[in-house]
Each structure stands twice: as C-alpha cells, then as structure tokens.
Amino acid sequence: MKRIFNINFANANPIWLAFLRCGICFISLVHFISIQPDFDTLFSQHAIVPPDLLHVLNIFRYQFFPSVYDVHIFLHPFTPVSFEQVLLTIRIFYPLSLLLLMTGLFSRVSAILSLLLQLTLLSSIDAYNYGVDVFTTIALFYCVVFPVGKVYSLQNYITKKRPLLTNHVKYLHVLQAHFCIAYFFSGFEKLLGDNWRNGESIWKMMHGYDTTNIINFDFLYNTPFFLIIGWGTIMLEMFYPLFINIKKTRKAWLTATIIFHVSIALFMGLYFFSAVMIILNLTCYYAPFITLSVSQKNVLPQKIEEIPAATY
Amino acid sequence: MTVKERIFFLWGRAHIILIFIVCADSAYVKYCVFNKIPQNRLKSAASNLLLYNRPVQLYGKLTGTAAGYGFFAPNIKSNGLIVGDCDGQKIMPQFKSFETAMRFSVLSSTINDYLILHSDSTQKTSALEDECYDKIFKSIAVKMYYQNKCTQDTFYTSYNLVIFPTLQDYPASNRAYTLLKTKEVRLSIKK
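Protein chains in written order, with my numbering: chain A, 1 to 312; chain B, 313 to 503.
By construction, these hints were calculated from the structure, which means they are not laboratory data. The structure displayed is predicted, hence computed values, not measured ones. One or more of the hints may lead you astray.
What the hints assert, rightly or not - A few chain B positions that, by computed beta-carbon distances, are all more than 10 angstroms from chain A:
hint, residue
1, S359
2, P386
3, K447
4, K461
5, K495
To be verified - Computed list of lysine-lysine pairs in DSSO-like fashion (alpha-carbon distance at most 30 angstroms, straight line):
hint, chain 1, residue 1, chain 2, residue 2
6, B, K316, B, K389
7, B, K493, B, K389
8, B, K455, A, K161
9, B, K495, B, K348
10, A, K160, A, K248
11, B, K373, A, K170
12, B, K402, B, K373
13, B, K373, A, K160
14, B, K348, B, K408
15, B, K316, B, K348
16, B, K316, B, K402
17, A, K170, B, K316
What the hints assert, rightly or not - Stretch by stretch, here's where chain B covers chain A in the computed footprint (C-beta under 8 angstroms, at least three residues):
hint, region
18, 30 to 36
19, 181 to 189
20, 198 to 207
21, 221 to 234
Ideal Cβ placement from N, Cα and C applies to all residues, glycine included.
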C-alpha cells in the first residue's frame, strides 16, 4: 500500500503556501475588477434588484451572514452613514486587503479582512452567486488558518527574517482532503441523475443560453462522443481522491483535471470558476513537489530541524 | 505536540468530517428530490439537528462548507431567461461585463426554480416569500423598461426556460431553441 501511495510529503515544498496566497488573491482581484462596470447595477440602491429586497430574500434562503445592507442598518444608530458610503468603503477596502494579502503584508489580518469583506459582498447578492464564490471563500478561509505569510512575503523581505515554519504538511493535508471529498461528491452526485450517464448533460451544457461555444460539436450527435465525455467527467471526479494520491498517476490526473477545467471555461464561460479551481489544484498537487535551487531555498522559512540545537 | 498543534489536529479532523457529512447529506437530499421520494425521517431529524442550525450554518458560510459541491447535478437544468417586450421588440437586461451577465443568468435560474416550485401544488411557499418575489419581478421590469427607454404604457416581462432539443430529438430535424414561459409580469406605467 505504501509503495502505491508513495508520495513523499516529508520534503514537500512550502512554496505551495505562497502559491495559494498569491494565486487566490490575484484571481479574486481580477474577478472583482471584472464586475466594476456593473457594480452599481448589482449592489447599489439603484441595483436591478434593490438591496432591501435582496435582504428579505436572504431570510427565505437561510442566509445568515451580514450583507452590506445589514452593516448599514447596524451602523446607522451610531453614525449617520449612508448605504452608499458603507458600500464604497467595502468597495475600496476589499481589493486593498487582497493586495496586502497577495504581497504578504500583515497576512493574517489582511486574510481575515479579505474573507469577511468577500462574504459581506457575497451575502449582498446571494441570489447571484455561483461556484466560484464558494471556492474563493474556501481558499480565503485557508489563508486565514494556514501560515501563508511565512513564505515569499513582503513582510519577510522588509524585516529580513526567515521565520520558523513548523510542519506545513499538516495544513496541506487538510486542503487536499477537502478537495478530494469535494471532487468525489461532485462526481457521485452526477451519477445519481440519468443525463450525465447518457451524455445529455454535456449536450445540454453545450447548448445553454449563456455558453460560449468556441467549437460546434453538433455534428457528433450520432456518435458516442457526448456519452464518453459525460462518463469521463464522472470518472475523473469520483476517482480524483484515489489517482491524484498515487505517485505514478498524480501528474496524469492533475493534467486531466486542468484540461477539464479549461474546457469548463471555454465551453461554459465559467472563466473565474475554472481559474480558481486550477489554482487550487496546482496548490494541492503541483506546488508542493516543485524542487528549488539552493539560493531559492535560502529565502524560505527555516524548518525546525535546520535550526542548530544550541538555539533551542 | 504543543497545545496549538493539538488544537489544529482536532479542528482539522472535525472540519474534514463536517465536510464529508455535509456532502453526503447534500447527495442524499438531491437523490430524494430528483427521484421524488420522501426522505428518511430519522435522517432528516438528525441533519436538522446537526447541520441546519445557526452556528453550523455560520461556520459553513465562513469556511465555504455550508453546502455540498455537486454543481450541475444530478441533472443539468435548463437556463432561466428574462425577456421584456419593449415597443414590440424583445429585450433583455443589459450589462457591461460578461461576468455580470453570467451572474444575472444565475438569478434568472433561481427565480425560475422558485416559479417551478410554486407551480407544484404539493410544495408550499409562504405568502411573504411570494410577495418578496413579486416585488423582485416588478423591480426587474422597471429597470428593463427605463434601461431600454421604452415608451409604451404597459410593459410585459416574461420568465422563461431556454429549451434546446435533446440529443434524442435532435436528429428529427427539430434544431431550434424554444422558450418555455413560466410567468408573465404586466407592468402599467402611469406618466
């Protein structure tokens, strides 16, 4: 058994912590910038669905996290701040906190701030949310819990410190376990229906209203193409926990998963969802296995065993 | 093992177990809803007690573990589409970015899901929820009316499902998109 799952995590590269921090912040920033032209249409009092209505809708959707509207209502008795001022404050501080986190300045505080502001914004438009938002929340939450600021951070550079990093593999295992469960159940739930098993889902996905069909595969309607892609998706997701953790199949499964997410981006238009999933996959199963040169290793945090016994 | 490490050890295991339970519960609920079979009472009571309480839901919201990850499962649903009739022309809400249009299509699908649930006599929705959705319909209609600079006194907005022929129907030369109307909202504008 040990020989099959012979992935050596003892020498795992802690660079994955920086990869997670920078990757998720960069994608979140670009994602946030992408909605700026329509920001008022989504969030302001003149939005297509006003915030007070979305607030009531949140109650029916069992949505408990405070929205911008809730923050405004909470602050109003203390200070005569308008809804638009609260919204503007969050609109400024969210990308700022992401920038701080990305550079690795005050990582823990900026990660907490990024997570809370992201959730506040998402709660304000809960009915508009989709997969990318959940996975961004997951990644930002792990940036709060994991010591992501200890690797390649501006703070280390300024203070010229090589901070002490205790066993980082335990953090990696939590992240990996989370994604293995998520992928398994994503595949398993697809197996419960009938149209993933007969290819109908892939066909439907390629003919959805908001899909961005770059290549038209309609001419393959009388071939098993859609059936194979449907079953392939189920198999890829359900067996992800197994094959991604076997040394010999890890690279192949990771490549297949990345191709799968690139296809989602190209055929369904879910660019940001795909980008977040690719970043998280690379964080879990690529970055920890990168080998560094000696000079690169010198900027990484010290492991306990590297410290001379006299300094204990 | 230090106290910090011990806390992480315990939290890590509890966190992963919670993710597993939430995903398993989501799969079971989706299976029952999809096959229209009643859920096991004992299981429902247990998940209500364990998962659907405020602290666990709040923790789930903070960590992204409040719901399962079975996107587009068990079956892919048809997209929802909101169409208005402006001076005889079909119009849709206009957005400057692709991402916002994508998010709005999520809202359209959410509303259509509600309308389909509402049309099912066995499912109960509260009067307050109905009123909330009614106001949302009107708000979207008003925005579309002014966004497109419409001039008529009565404005109609329809909520539709976008239907494309199935893989089986496609060879029978039926190859066009059709809209299945789930609701129509009439808005009278007094000038």
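Now for the hints, and whether the structure bears them out:
Distance check for S359/B against chain A: the nearest CB is about 13 angstroms away, which clears 10 angstroms, and the non-interface claim stands. Non-interface status of P386/B relative to chain A is broken: a Cβ of that chain comes within 10 angstroms, the nearest being about 3 angstroms off. The beta carbon of K447/B sits about 6 angstroms from the closest Cβ of chain A, which is not more than 10 angstroms, so the claim that it is off the interface is violated. K461/B, annotated as away from the interface, keeps every beta carbon of chain A farther than 10 angstroms; the closest lies near 16 angstroms.
With 10 angstroms as the threshold on Cβ separation, the claim that K495/B sits away from chain A holds: the shortest Cβ distance comes to roughly 16 angstroms. Between the alpha carbons of K316/B and K389/B the distance comes to roughly 46 angstroms, so the proposed pair goes past 30 angstroms and is violated. At most 30 angstroms may separate the alpha-carbon atoms for a hinted pair to count; K493/B and K389/B meet this at roughly 15 angstroms. Under the criterion of a C-alpha separation no larger than 30 angstroms, the hint pairing K455/B with K161/A is inconsistent with the structure, at around 55 angstroms.
With a C-alpha separation of about 24 angstroms, the suggested pairing of K495/B with K348/B holds against the 30 angstroms cut-off. At roughly 39 angstroms between alpha-carbon atoms, K160/A and K248/A are farther apart than 30 angstroms, so this suggested pair is violated. Using a Cα cut-off of 30 angstroms, the hinted pair K373/B and K170/A holds, with the two alpha carbons roughly 23 angstroms apart. Straight-line distance between C-alpha atoms of K402/B and K373/B comes to about 39 angstroms, which puts the hinted pair past the 30 angstroms bound.
Annotation: proposed proximity of K373/B to K160/A is violated, straight-line Cα distance about 37 angstroms (limit 30 angstroms). Between the alpha carbons of K348/B and K408/B the distance comes to roughly 41 angstroms, so the proposed pair goes past 30 angstroms and is violated. Proximity of K316/B to K348/B is assessed by CA-CA distance (about 47 angstroms); at most 30 angstroms being required, the pair is judged violated. Between K316/B and K402/B, the direct Cα distance comes to roughly 61 angstroms. Violation of the 30 angstroms bound is thereby established for this hinted pair.
Straight-line distance between C-alpha atoms of K170/A and K316/B comes to about 13 angstroms, which keeps the hinted pair within the 30 angstroms bound. Residues of the region 30 to 36 of chain A lying with their CB closer than 8 angstroms to a CB of chain B number 4, which satisfies the three-residue condition for coverage. Given as covered by chain B, the region 181 to 189 of chain A passes the check, having 8 residues with a CB less than 8 angstroms from a CB of that chain where 3 are the minimum. Coverage of the region 198 to 207 of chain A by chain B holds in this model, with 8 residues showing a Cβ closer than 8 angstroms to a Cβ of that chain against a need of three.
A stretch counts as covered by a chain when three or more of its residues have a beta carbon under 8 angstroms from one of that chain; for the region 221 to 234 of chain A and chain B the count is 3, and the coverage holds.
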